[in-house]
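Given the structure of chain X, go ahead and fit chain L onto it with the hints provided.
One letter stands for each residue in the lines below.
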Amino acid sequence: MIKSTFISIGFHVFFIMVAYYGLPSFRVKEPVELPIDIVEDTPISSKTSLKLGEKKVKKVKKNKKEIKKEKVKKMSPPPLPSKKMIDKKNVELKKKKEIREIAQLIKKKPKPKIKKVKKISIPRVEKKPEKIKNIQKQNLAKGILNTLAKPQKNVEDNKKNKKQHNNTEILKKIKKIAGNSNRQIQQTEIKLSITDINKIQNHVKKFWNVSYAASEVKMVITLKISTSFDGSIKSVKIYDKNLYQKNKFYRATADTARRAVLDSSPLPLPKGKEKKFENFLFDFDPSFINNY
Amino acid sequence: MGNYLNTSFLKVLILIYSFLISNVFAEDIRIKINSGQVEPLPIAIADFTGKDGKANEIGRQIAEVISNNLVGSGQFKAVESAAFIAPPTSPSVRPNFTDWTPLGIKALITGSVKNISAQEIEVEFRLWDIIAETDLIGLRLSVDSKAWRRVAHIISDEIFERLSGDSGYFDTRIVYVAESGPQNKRLKRLAIMDQDGENHQYLTDGSFLVLTPRFSPTTQEITYLAYFKNEPRVYIFNLESGQQELLGSFPGMTFAPRFSPLGDKIIMSLAEKGVTDIYTMNLNNQKVTRLTNSPSIDTSPSFSPNGKKIIFNSDRGGSQQIYIMDANGRNVKRISYGKGRYATPVWAPKGELIAFTKMLKNVFYIGVMSPDGSGERLLAKGYLVEGPTWAPNGRVLMYFKQEAPVDDGKSSNVNLYKIDITGFRETRVITPSDGSDPAWSPLIPN
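Line by line, the protein sequences give chains X and L. For the first sequence, position 13 (counting from the first letter as 1) is numbered 13 according to the numbering used here, and the numbering increases by one without interruption. For the second sequence, position 410 (counting from the first letter as 1) is numbered 410 according to the numbering used here, and the numbering increases by one without interruption.
Calculated from the structure, these hints are not laboratory results. None of the values given here were measured: they were computed from a predicted structure. Please note that the accuracy of each hint is not assured.
In silico DSSO-like links for lysine-lysine, alpha-carbon gap of 30 Å or less [as the list claims (entries may be wrong)]:
id: 1; chain 1: X; residue 1: LYS271; chain 2: L; residue 2: LYS77
id: 2; chain 1: X; residue 1: LYS205; chain 2: X; residue 2: LYS218
id: 3; chain 1: L; residue 1: LYS32; chain 2: X; residue 2: LYS199
id: 4; chain 1: L; residue 1: LYS361; chain 2: X; residue 2: LYS246
id: 5; chain 1: L; residue 1: LYS77; chain 2: X; residue 2: LYS237
id: 6; chain 1: L; residue 1: LYS32; chain 2: L; residue 2: LYS77
id: 7; chain 1: X; residue 1: LYS237; chain 2: X; residue 2: LYS224
Bound conformation, chain X alone (with noise of 0.2 Å):
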């Protein structure tokens, strides 16, 4: 109960945190909403565009250094080219003042992404160096400078993409985050065959002894079990403890279930996948006795 209550709250903690951050409707609203204005102009200055296009190529043959600050502009979102067409045609557009400061704006947006990115990056690049100082000691020297040497090129790869994968490098590392801890549940799952289940069923249907009584028991019998490393039983409660309670055959039945996992302790867990079965469920089912 206690469980499941946290875990709606983390949810829906999640979900809301997920919707605040994920959906722009629900943030406050910010200068990124007024590129949109702009943009329903861009048509006015469609037919600029080209020539622009014309003029830039120009540019780049005349002057490299030029190109890269424009270049610099441009890793800013698709709004930033309007304006520059904007003021190269010199287009007379009443708010221009207003245009001004939302480049403004916009310029110092992915200003903080860019830091965000530096930040996240740089304690990963510092913690190298120190996990081999306490571990490696002998190789402290080749550590220092395999470590030096990777921030340095994610340095001068920043800085050459810093323009370019601004938004995006915070998405991938979100991305790998939250992929990463999808594919070591999935992997987990996956590891479970049907052989390791196997070899518990079998182990525990050994001891399970029943009555003829258990006929009576129309359900299956849910205990939680808990697990050592090594396979011996920490804990087995009967999880319908109302019906426990209020049932004599089942009551009966679950006793015996009970009796069954106490007895087959400890149990066969595959190896390597014991943390798997730290917590688990047993389900007994009283219907073979039907057949009997």
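Just chain L, lined up with the frame of chain X:
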């Protein structure tokens, strides 16, 4: 800074989410166990302790009766007391479970007997689960010291119910026909005893022939058929008062009268002009109602537990088979289709089975089948096995068995037997003389 915090917070949330998901997945491992063993449960019944010799002796005897009852049910296996590592303890003392686990036992019964007065004793017991290391049930009873055997039966019922789930049947009695004397001058008396054969007593003196006694399902009364001056009469015998009541004289009665589930009617078969049909008689106004009307022999009627159906055997199809019909005699339908002849159908107390006698190739069988005729199982066989009667919990059947006659042509012994419905454990019920036609009582009211 704010954005950094947001991202960190988001990451933490994702980690929490992943952790929770992994926990949910961990709990989702469900292993189904859909087969097991159906074997007698090993138990230990320690002698009930007492403070003096008398109490100790009663305690020892109570433990012995409990052991016999539980082992006799076929569902338990008692470990010999000589193998016990630890001495018997009081039920108020928690046993050292490690002393009992090496014996392979799953449950332990401890108890005590205390003298309250010269005639009254207090018996206390406790049932322990050795594997789960917990107590399952405990009870204290104050009774007359002469009634210690009944206390043992009551305790047996409590233990049986707690360990199997089913109601016990040990605090019950059997009424039967005690037979003695040569075959040509057979003495048949009505007798009653505890279900384990103890406390035996005769109810009639043998001056007239008695047949087919049947217990009332609601009261401590017996109905039986007696031939008085060659005329069949139906009597009701009240066990509490010892009085008998003549229900009526029924010339042509061919088989047993049996009570309805509410005990307000009896159902019987009467022969008239070569035709035997089924009738009911209201015990309040003695009104007789005819239920079947066929040119065949319809006998051995038995009500279903809810009183809505009646089973009986009839030769209307050419051979003796089991039929079912509504309580008013309508919708007659044959349910037995196996080889051989079927007779004496009796509905189980829970209604899920019908016990019967089957005759095939000169061999008699006791079997059970579903009320629709399916799932026929033969439990016992012999030269002559007949007259099944159900224990009140519907798990055990009692019947009588006659051995094949020996070469000198003299009559062979007729004995009572009981068998659990699995058919694995058949035990003889010891009686002072030959016995036939048993009828099992309901649980004795406290």
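| Keeping to a limit of 30 Å between CA atoms, is the pair of LYS205 of chain X and LYS218 of chain X held or broken? | Roughly 19 Å separates the two Cα atoms, so the pair holds.
| Given the hint that LYS32 of chain L pairs with LYS77 of chain L, does the C-alpha gap stay at or below 30 Å? | Satisfied, since the Cα-Cα distance of roughly 28 Å is no more than 30 Å.
| task | Mind checking the alpha carbons of LYS361 of chain L and LYS246 of chain X for me, to see if they're no more than 30 Å apart? | result | Violated, at about 49 Å.
| Pairwise hint evaluation, LYS224 of chain X against LYS237 of chain X, where the allowed Cα distance is 30 Å at most | The given pair, whose Cα atoms are some 5 Å apart, holds under the 30 Å limit.
| query | Is the Cα-Cα distance between LYS77 of chain L and LYS237 of chain X 30 Å or less? | reply | 27 Å, holds
| message | Between the alpha carbons of LYS271 of chain X and LYS77 of chain L, is the straight-line distance 30 Å or under? | response | With a Cα-Cα distance of about 38 Å, the restraint between LYS271 of chain X and LYS77 of chain L is violated, given a limit of 30 Å.
| message | What's the verdict on LYS32 of chain L and LYS199 of chain X, does the C-alpha distance respect the 30 Å limit or exceed it? | response | Within the cut-off at roughly 12 Å; holds.
Hints 1 and 4 from the list above are not met by this structure, while the remaining hints are.
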